[in-house]
Every structure is written in C-alpha cells, then in structure tokens.
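Number of protein chains: 2
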Amino acid sequence: MGKLVKDITSIDQDFAKWYTDVVVKAELIDYSEVRGCTILRPYGYAIWENITKILDDEFKKVGVQNVSMPMLIPERLLQKEKNHIEGFAPEVAWVTMGGKENLTERLCVRPTSEVLFCSHFQRVVHSWRDLPMIYNQWCSVVRWEKTSRPFLRSVEFHWQEGHTLHSSPNEAKDFTLKMLDIYSKFFTQKLCIPVILGKKTESEKFAGAETTYTVECMMKDGKALQSATSHYFGNRFANAFDIKFTNKNNEEETPYQTSWGLSTRVIAAIIMSHGDDDGLILPPAIAPLQVIIIPINFSKNKEVLEKSHEIFDLLKDDFKCKIDDSDESIGSKFATYDMKGVPIRVEIGPRDVLSNSCIIVRRDTHEKIKCSTDNIKETILQTVREIENNIYNVCLENRNKKTIIASSEKEFENHAGFVKMAFCNSSECEQKIKEKYGFTTRCIPFDDKDLISDFCPICGKKSSVNIYFAKAY
Amino acid sequence: MGKLVKDITSIDQDFAKWYTDVVVKAELIDYSEVRGCTILRPYGYAIWENITKILDDEFKKVGVQNVSMPMLIPERLLQKEKNHIEGFAPEVAWVTMGGKENLTERLCVRPTSEVLFCSHFQRVVHSWRDLPMIYNQWCSVVRWEKTSRPFLRSVEFHWQEGHTLHSSPNEAKDFTLKMLDIYSKFFTQKLCIPVILGKKTESEKFAGAETTYTVECMMKDGKALQSATSHYFGNRFANAFDIKFTNKNNEEETPYQTSWGLSTRVIAAIIMSHGDDDGLILPPAIAPLQVIIIPINFSKNKEVLEKSHEIFDLLKDDFKCKIDDSDESIGSKFATYDMKGVPIRVEIGPRDVLSNSCIIVRRDTHEKIKCSTDNIKETILQTVREIENNIYNVCLENRNKKTIIASSEKEFENHAGFVKMAFCNSSECEQKIKEKYGFTTRCIPFDDKDLISDFCPICGKKSSVNIYFAKAY
Numbered sequence: 265m266g267k268l269v270k271d272i273t274s275i276d277q278d279f280a281k282w283y284t285d286v287v288v289k290a291e292l293i294d295y296s297e298v299r300g301c302t303i304l305r306p307y308g309y310a311i312w313e314n315i316t317k318i319l320d321d322e323f324k325k326v327g328v329q330n331v332s333m334p335m336l337i338p339e340r341l342l343q344k345e346k347n348h349i350e351g352f353a354p355e356v357a358w359v360t361m362g363g364k365e366n367l368t369e370r371l372c373v374r375p376t377s378e379v380l381f382c383s384h385f386q387r388v389v390h391s392w393r394d395l396p397m398i399y400n401q402w403c404s405v406v407r408w409e410k411t412s413r414p415f416l417r418s419v420e421f422h423w424q425e426g427h428t429l430h431s432s433p434n435e436a437k438d439f440t441l442k443m444l445d446i447y448s449k450f451f452t453q454k455l456c457i458p459v460i461l462g463k464k465t466e467s468e469k470f471a472g473a474e475t476t477y478t479v480e481c482m483m484k485d486g487k488a489l490q491s492a493t494s495h496y497f498g499n500r501f502a503n504a505f506d507i508k509f510t511n512k513n514n515e516e517e518t519p520y521q522t523s524w525g526l527s528t529r530v531i532a533a534i535i536m537s538h539g540d541d542d543g544l545i546l547p548p549a550i551a552p553l554q555v556i557i558i559p560i561n562f563s564k565n566k567e568v569l570e571k572s573h574e575i576f577d578l579l580k581d582d583f584k585c586k587i588d589d590s591d592e593s594i595g596s597k598f599a600t601y602d603m604k605g606v607p608i609r610v611e612i613g614p615r616d617v618l619s620n621s622c623i624i625v626r627r628d629t630h631e632k633i634k635c636s637t638d639n640i641k642e643t644i645l646q647t648v649r650e651i652e653n654n655i656y657n658v659c660l661e662n663r664n665k666k667t668i669i670a671s672s673e674k675e676f677e678n679h680a681g682f683v684k685m686a687f688c689n690s691s692e693c694e695q696k697i698k699e700k701y702g703f704t705t706r707c708i709p710f711d712d713k714d715l716i717s718d719f720c721p722i723c724g725k726k727s728s729v730n731i732y733f734a735k736a737y
Numbered sequence: 265m266g267k268l269v270k271d272i273t274s275i276d277q278d279f280a281k282w283y284t285d286v287v288v289k290a291e292l293i294d295y296s297e298v299r300g301c302t303i304l305r306p307y308g309y310a311i312w313e314n315i316t317k318i319l320d321d322e323f324k325k326v327g328v329q330n331v332s333m334p335m336l337i338p339e340r341l342l343q344k345e346k347n348h349i350e351g352f353a354p355e356v357a358w359v360t361m362g363g364k365e366n367l368t369e370r371l372c373v374r375p376t377s378e379v380l381f382c383s384h385f386q387r388v389v390h391s392w393r394d395l396p397m398i399y400n401q402w403c404s405v406v407r408w409e410k411t412s413r414p415f416l417r418s419v420e421f422h423w424q425e426g427h428t429l430h431s432s433p434n435e436a437k438d439f440t441l442k443m444l445d446i447y448s449k450f451f452t453q454k455l456c457i458p459v460i461l462g463k464k465t466e467s468e469k470f471a472g473a474e475t476t477y478t479v480e481c482m483m484k485d486g487k488a489l490q491s492a493t494s495h496y497f498g499n500r501f502a503n504a505f506d507i508k509f510t511n512k513n514n515e516e517e518t519p520y521q522t523s524w525g526l527s528t529r530v531i532a533a534i535i536m537s538h539g540d541d542d543g544l545i546l547p548p549a550i551a552p553l554q555v556i557i558i559p560i561n562f563s564k565n566k567e568v569l570e571k572s573h574e575i576f577d578l579l580k581d582d583f584k585c586k587i588d589d590s591d592e593s594i595g596s597k598f599a600t601y602d603m604k605g606v607p608i609r610v611e612i613g614p615r616d617v618l619s620n621s622c623i624i625v626r627r628d629t630h631e632k633i634k635c636s637t638d639n640i641k642e643t644i645l646q647t648v649r650e651i652e653n654n655i656y657n658v659c660l661e662n663r664n665k666k667t668i669i670a671s672s673e674k675e676f677e678n679h680a681g682f683v684k685m686a687f688c689n690s691s692e693c694e695q696k697i698k699e700k701y702g703f704t705t706r707c708i709p710f711d712d713k714d715l716i717s718d719f720c721p722i723c724g725k726k727s728s729v730n731i732y733f734a735k736a737y
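Sequences listed follow chains B and G, in order.
Here the first sequence stands for residues 265 to 737, where the numbers follow our numbering.
Here the second sequence stands for residues 265 to 737, where the numbers follow our numbering.
Just so you know, not all the hints are guaranteed correct.
Note that the list lumps identical chains together, so a pair holds whenever it fits in one copy or between two copies.
Stated by the list, open to error - 20 Å max Cα-Cα, derived PhoX-like pairs, lysine-lysine:
{"#": "1", "residue 1": "Lys665", "residue 2": "Lys580"}
{"#": "2", "residue 1": "Lys580", "residue 2": "Lys324"}
{"#": "3", "residue 1": "Lys586", "residue 2": "Lys696"}
{"#": "4", "residue 1": "Lys325", "residue 2": "Lys586"}
{"#": "5", "residue 1": "Lys346", "residue 2": "Lys364"}
{"#": "6", "residue 1": "Lys725", "residue 2": "Lys597"}
{"#": "7", "residue 1": "Lys325", "residue 2": "Lys584"}
{"#": "8", "residue 1": "Lys449", "residue 2": "Lys584"}
{"#": "9", "residue 1": "Lys584", "residue 2": "Lys324"}
{"#": "10", "residue 1": "Lys564", "residue 2": "Lys597"}
{"#": "11", "residue 1": "Lys317", "residue 2": "Lys597"}
{"#": "12", "residue 1": "Lys584", "residue 2": "Lys317"}
{"#": "13", "residue 1": "Lys735", "residue 2": "Lys512"}
{"#": "14", "residue 1": "Lys726", "residue 2": "Lys508"}
{"#": "15", "residue 1": "Lys325", "residue 2": "Lys580"}
{"#": "16", "residue 1": "Lys696", "residue 2": "Lys674"}
{"#": "17", "residue 1": "Lys324", "residue 2": "Lys586"}
{"#": "18", "residue 1": "Lys487", "residue 2": "Lys666"}
{"#": "19", "residue 1": "Lys469", "residue 2": "Lys580"}
{"#": "20", "residue 1": "Lys487", "residue 2": "Lys700"}
{"#": "21", "residue 1": "Lys674", "residue 2": "Lys324"}
{"#": "22", "residue 1": "Lys324", "residue 2": "Lys665"}
{"#": "23", "residue 1": "Lys735", "residue 2": "Lys281"}
{"#": "24", "residue 1": "Lys442", "residue 2": "Lys463"}
{"#": "25", "residue 1": "Lys726", "residue 2": "Lys584"}
Simulated from the structure, these hints should not be mistaken for laboratory data.
Predicted model, so just to flag it, every value in this text is computed and none were measured.
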C-alpha cells in the first residue's frame, strides 16, 4: 500500500483524527501561520470551485444577480439592528489602524453582510419597479472563533450569502423556501447526501431573523452538520435601515427580506458523509478528477500507453480525466487516488491491450468491472450513476440506523445519532437537554403531519411539534 | 433623450467628472459607507465576472491552479522580505482586536499575498517533482489609500494574483513573459485596447521584484493606465523564506519565483478607452448584455412582440440578449442601453414586421443597419467584429495622435499624452521630470531595436534605452 494511506487513523478508532488526517493527506488544505485560517490547496479549492459553479448556475436560473460588498463594516452600521449586533459583536475582528494612524471609528471585518446590503438597498430602492432585488455574493467572512477545525469552524471561511428584498411578506417567504429547495436538491442530487429540512427553534435561529430554515445532514459518526440555511427577516432589518419603496398606488411601504447561505462547511459534510479508511470518497458531480487512468507495466510495453491515450480521448469530453504515467509505483498511485476520492480508476495492462479491454474500479465499493474499451464511455456513465446511488444509500442507511424516536429523556444518554421526538418547543427544555447531554435542537421537520406524542418527554407538558435533537458540529 | 444621459458631464468639458458620472449612471457601483470602498452592483460585477472567466480559462490552459490564502497576515510574516515591507507597510489596514481582546500580534489585511504564498511554498515544496508550482488566487485586497476613485484607486479592490515557483531562473523568466503575453492578448483581442509592453525602471518596479513587466494603455485624455503587471522575483523571496527543493541529483537548491496580477482597474481602462458622451461603450467579449431587442409600438401591435421573441430565439444561443418590453418610453430605453454600453440594439416596429426586417444600431458609431431577420445572426456576428475593430482603432489613433517623440525636456510642458524618448535610465532624471511636469516613466518598451537618440534629452548624458513617460492614473 502507498505511503499516504498507512499514516491515516482508522475511521472507527478516532473519527475526529481520521477527519483531520484525510483533510491534510488528500491535500485539501494546509495550515497557515494565521491562527484559525487555513489555505485551500488546489485540490480543495477545485472542489469549492465546482460547488460554486453548480450553485451559481442554479441561483441564476431563479434570477439571482451577483454583487460585491466591502469586506469592512463601520461599527455604527453593525449596531443598527439590535439582535444582529448582539449575535455577532463577540466574534468579530476589528481593524483599528490604517497605515500608521488610529481610526476614529473601528471597522470590523465582515462576519456576514446583512447591514451592508441593507444600507445599499436603502440607497438604491425607490419604487415597486425595483423589486424584487435578488442579490448574492461569493466571498469570505471572518469570525473570531476560539477553536478551529478545517472546513468546520475557522476564523475565515468562504461562502455565498444571498440577500433579497420583496414587496410582500408572502413573496419573501416563498423565496426563502425556494432557496432552501435549491440547497436541498444540491445536497441530495449532486453531493449524494440525504437531508432533513425544517425550521430552527427560536433559540437556534439566526441573529435578527424572524424564521430560519435549515438543511441538516447526519455525518458517519452520528453527529449533525448544519449544511445550509435560509432566513426570512420580515421587515425588521428594513425598518432598522429605513428601506422604503413606493407601491403601484404611489404609497410608501416597507419591503420584506431574506438571506441564505452555504459555506465551505459543505466540504466537511462531503468528507464525513462518504469518506472511509482509504480517504475521501467524492461525489462525481464535484470531483476535480472523475476518472484516473493508470497504465500498468507501460515502460516495457508502449502499446499500454497508446491504449491509455486512446481511452483518454474517448472519455475527455464527458469526464474530468487524467492519465498518470509518472514513475511512482502502482501501489502508491492506487493509494493516492483512493485518498483523493477519485470516483473511478481505469487500469490498463499489457493483457488488457490484447483483449481490447480494461478494468474499471469503483472508489466507493472497490468493485472491479472488466469492460471492453468499445463501450467504456457508456459503462463509466452507468458506473457513475451507480456510485451516486450507492453513496447516497449508504448515508441514508447510516442515518436511519442512528435515528431513534424517543419517548423518554433517558434515551439521550449514550446515543450517538439523531433523537426525534414530540416537543413542547420551550427554550427551557432545549437548554436542559443541551446542558445535560450536549444535544441541541436541529430542526422542526417539514414533512411530519402527525405528532409523535401529545406530550413532551422532557417536561411532560403538551407537545406542539416534532423535533430533531443531535450533537452537532 | 432619456433622463439618464442629460445629467452626465461632457467628456470634453471635464473628463474626471464624466468618468465618475458614467460609473454611477451606468450602475456599475454604489459608494458605500466605508471610506474608499465601493459596492460593485450587478452590472459592474457582471463585467468583472466576464473578465475573470476569460482570463481564468487562459490561465488554466498554461497550467495555473487556483488556491485560496488567508486574508490576514501576521506582522512578523510581512516583515520577512525587507523591500516588500517597506513598500507596503505604510498602506495596510491593521486588525488589532479579536472579539473583546487585544491581539498580541497585529494582523494586516492582505495588500498582496507574496509572503503567504512563500510560507506555504516553504512547507509544501520538497523535490523537483513538485515544480513548477503555478498558483493563482482571485480575491480582494486592501490598501489604505488616502484618496480613492471607483475602479482606479480604492481601499479594497478585486484582483487575481498569480504566484509561481520554478526550478531555474530561465523557466521563471519565461513564465513571467508568458503571463504578460496572456494579458496583452486579453487587452488587444477581448477588450479592444492597444497596449505598450515593456519593463519598469528600477524606481517604478514592484516592492521586492527583480524585474517588473507592465501592460500600459493610454486613456482618452492622454493619461496612462498601468493595466497589468508581471514580476520576476529571482530567488530573493525564496531566500528570505528559506524555500528549498531537492534537484534530480539530490542536491538542495533554491527555486525562482514570479507573480502577476490584474485588478478591477481594468474596468477603468475599458471605460476611459472607449466611452463617450452617451456613456459606456463595452467591448462585446465582456459585455453582460450584448444585444438589446427593443420592440416599438408593441402595445397596439402584438406581432411586434411576437417578432421580437422570434429574433430573441434566433440570437439567444450566440449572444447575451434580452427583450425590453417594459413600459418605459422608447427614448428612455435607448438612452439607458447607450449609457450601459450595450454593443448592439435591435429595433423592431410594425413596419419592420411587415417587411420581415429590423434595424440594427451600433453603440460605437450609432450607425443604423437595415437587416432582414432571415440573416440577423450573421449580420450581428459581423457587426460585432466591426465594432471590435473600430473601437480598437479609435484607441490606437488617439494614442498615436497623443504620443510625441521628444528631443528636449521642454516638450513635456503642456503635453497631454505619452512622451517617448531616448533615456539615460537614471533615477535622477526620472525624479526631475516627475517633480517638474508630473510625468512618470511608464516602461522601457520591448519592441524598440534602435535608440531614438544617443543622448538623454534631460541630462545630456549617454542614453541606454528608449522609454515612455506619461501622467498616469
């Protein structure tokens, strides 16, 4: 086996260490000299680029326009919306000097850009003709976190933040859910990760939002990862920032807002949903390299290399593929591309040339498929679909296995997974479970019609919703 | 005429005011509440997106890999290369607080990322197999400028910065010039702006570089805009950061570096190269909207709208096009799209429907072309080529007209344009001309074989190069 793999911790032995091993060994990141900030290396950044391309296309289909706001926010602007500043002030980085001068007003490096969008909207929105305004920006933000872990929690991270303005509450609410639906489809169809969609409780919602919707995923270790959120703001920010528009009857009105975001945390979700002891398993849709072609014993047999190039030419228009004809050992090559989660490996040796065939190896199952080179494209296309289905189903089975329906508080004890139950929806019960077991509410799921029980298992009072609890990243 | 146009200053009356009028009226930017930082609005950002897509594709063809470095740099890291810190320290923004705590070491918001790339290279480069490393990042940087003008000079601006590492000086030098060539072709072929390529003098080169190459363009007012630069670093940074690699003979060597960048200044170059009293004139390759279809008198004649959609369908696969069927007046629509620099307008009225034709109007010359709808695609394709040639030639004529070959110092007086002359290449003469006339050296051009004169017109000493001087943005 290659030198890369032998150094990584087994997934069952220490999940957290396995995760950081994979992140480094697959060359996704390098730790920088800045506390809590990582460098995205070419392979890690390429995954993020692929994610941004897919989402950006989906966003543009629903009318999203990209813009760019400054990265610095004057302190007084951040203070305009009370809940918002309370939520973010403890965790921002402050610029206090420019060149050699002390600034008269501190500027924070944006932790999120609601206030910048609001002050812009206030200046540029005049009439109903200007609405809806459906804006987004791709950027990085800074939150002064005490502890950090690559992709999961870092001082600086990349994300997209959408901010929209609508003439009616219903239009804004619909848009909030439309974006949640785009995220949901992206996770299930492109990342092959099953999701639970729902609403956050009062105590878990975004600072300043009226309602927060969320995409929750279960990682292999049973913990939850909040993977994308979409917020309905009502007109709370619009009021704070005095945003007005003239309606068709020439009357002044206050518009309604949303915001929605997804970050490089999604890469953590990919790693911890699909990875195994050999490293990453990347969903084909976002893999920087989808097919790696490995010629075997080609130094003594130049037809092997010719055949490899022939296969490359057959595949290159449909897949991101590459031939590795370096002088590394075969074992090391196999281990490297397994570590990097390349979905499909094509092996071509001298005997394969003679029989006009090759071996296709699936990264997810390590299954080997003998394939005639005549229909290699179709076989790989089909194999990609099978990989997508399989890795989705593996996640789903894991989630089903690790989700319990609780009827008493003690079921939280020692459970590594989701706890679903009827709930009184009080912050007291939430707080109690958080302190006692480390479980937080993830969401009130959308698709539940019936209450699991009429009573909350924690306080015994009447239940009003079903809810998911989990330990979360 | 529309309300947009009547408010802008004439280009001949006040070029600077015309520029800022256009930037705002064409809705490229909004001024933010942060000193020196502007908001890129959808139309402005879309131009930048188009620029980034074209360049990113070209970069990737020569093996560039995108990465992402942190936006914060610890002070001690910035200080590692002496010339570099001297060049940048006076103009950085300092983060001194995180949350409520004072930091033990200040962090600057990156003004450029050489030092971050170097410290990363030091950690990840081991052997000749790792070279060349050809990295780039698209990001924004901050420089604490006292004065600011949209796209030209601002506290925060978007750019790309490429950083590469090579095993030999020649390979690094070649790569520096290869990137300059990509920029040059981008300016001439895509932006339709003629360029002068050359080398910066010692006093004008980048802080820390051994050689700086530049793309210099002349704006309509005769001033120069440095539009892209490519630097050869030798192994100065590599030594400062102790970057080593093992060569094929298993000996330790120091690699050679380059960096190269292009920023949103390029949008200023587009505006000031091509614009006129009606607003922007956008080169078709980067125009967010290439063809605007305007139905005329369609409320009384639904066939006009049908025909407009028919034409839209004929064009939509080849051009970024849109139908404007809003209830704004025709005059206001014409003025708006002229202001926004949309290269081609297609007008369709009731009579055009009857004759199966339409009117194509060129933004650059306002020329009207009657065209059968049967071959509208071909006609527009050809018109696009003609626009590209014409706007390039208009720039070239302007530059030729405003470039003088000087044989005496007094020719600088009252000249609004480039001054080309033989030069002793001393910083004393450079300094004298800068102080007396406000002209700086732009570059020592590549393509000059013969010295204009054997003597420098300023000091009378022997000349060694030809050079361009200009007042510069």
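How the hints compare with the structure:
1. For a Cα distance limit of 20 Å, the shortest separation of Lys665 from Lys580 qualifies neither inside one copy, at 40 Å, nor across copies, at 50 Å.
2. For a Cα distance limit of 20 Å, the shortest separation of Lys580 from Lys324 across copies, 16 Å, qualifies, whereas the shortest one inside one copy, 27 Å, does not.
3. Taking CA atoms no more than 20 Å apart as the test, Lys586 paired with Lys696 passes in neither setting, with 54 Å inside one copy and 57 Å between copies.
4. When the C-alpha separation of Lys325 and Lys586 is checked against a cutoff of 20 Å, the pair qualifies only between copies, where the shortest distance is 15 Å, while the shortest distance within a copy is 32 Å.
5. In this homomeric assembly, Lys346 and Lys364 come within 20 Å of each other (Cα to Cα) only across copies, at 18 Å, whereas the closest approach inside a single copy is 32 Å.
6. Neither within a single protomer nor between protomers do Lys725 and Lys597 lie at most 20 Å apart by alpha-carbon distance, with minima of 60 Å and 63 Å respectively.
7. When the C-alpha separation of Lys325 and Lys584 is checked against a cutoff of 20 Å, the pair qualifies only between copies, where the shortest distance is 15 Å, while the shortest distance within a copy is 25 Å.
8. For the identical chains of this complex, Lys449 and Lys584 are neighbours neither inside a copy (23 Å) nor across copies (28 Å), given an alpha-carbon limit of 20 Å.
9. Taking CA atoms no more than 20 Å apart as the test, Lys584 paired with Lys324 passes between copies only; the shortest distance there is 14 Å, against 24 Å inside one copy.
10. Taking the closest pair of Cα atoms, Lys564 and Lys597 come within 20 Å of each other only inside a single copy of the chain (18 Å); across copies the shortest separation is 70 Å, beyond that limit.
11. In the homo-oligomer, the alpha carbons of Lys317 and Lys597 never lie at most 20 Å apart, since the shortest distance is 29 Å inside one protomer and 33 Å across protomers.
12. Taking the shortest Cα distances, Lys584 and Lys317 sit within 20 Å of each other both inside one copy (15 Å) and across copies (19 Å).
13. Proximity of Lys735 to Lys512 under the C-alpha cut-off of 20 Å is found in neither arrangement, the shortest distances being 49 Å within a copy and 51 Å between copies.
14. In this homomeric assembly, Lys726 and Lys508 never come within 20 Å of each other (Cα to Cα): the closest approach is 42 Å inside a single copy and 68 Å across copies.
15. Taking the shortest Cα distances, Lys325 and Lys580 sit within 20 Å of each other only across copies (15 Å), while inside one copy they are farther apart (28 Å).
16. Taking the shortest Cα distances, Lys696 and Lys674 sit within 20 Å of each other inside one copy (12 Å), while across copies they are farther apart (84 Å).
17. Taking the shortest Cα distances, Lys324 and Lys586 sit within 20 Å of each other only across copies (15 Å), while inside one copy they are farther apart (31 Å).
18. With identical chains, the CA atoms of Lys487 and Lys666 are at most 20 Å apart within one copy only, with a shortest distance of 9 Å there and 68 Å across copies.
19. In the homo-oligomer, the alpha carbons of Lys469 and Lys580 never lie at most 20 Å apart, since the shortest distance is 45 Å inside one protomer and 43 Å across protomers.
20. Taking the shortest Cα distances, Lys487 and Lys700 sit within 20 Å of each other inside one copy (17 Å), while across copies they are farther apart (70 Å).
21. For the homomeric pair Lys674 and Lys324, neither the shortest alpha-carbon distance inside one copy (48 Å) nor that between copies (57 Å) is at most 20 Å.
22. In the homo-oligomer, the alpha carbons of Lys324 and Lys665 never lie at most 20 Å apart, since the shortest distance is 38 Å inside one protomer and 44 Å across protomers.
23. Proximity of Lys735 and Lys281 under a CA criterion of 20 Å is satisfied intra-copy only: 18 Å inside one chain copy versus 58 Å between copies.
24. In this assembly of identical chains, Lys442 and Lys463 lie within 20 Å of each other by CA distance solely inside one copy; the values are 14 Å within and 53 Å between copies.
25. For the identical chains of this complex, Lys726 and Lys584 are neighbours neither inside a copy (55 Å) nor across copies (58 Å), given an alpha-carbon limit of 20 Å.
In this structure, the earlier hints numbered 1, 3, 6, 8, 11, 13, 14, 19, 21, 22 and 25 are contradicted, and the remaining ones agree with it.
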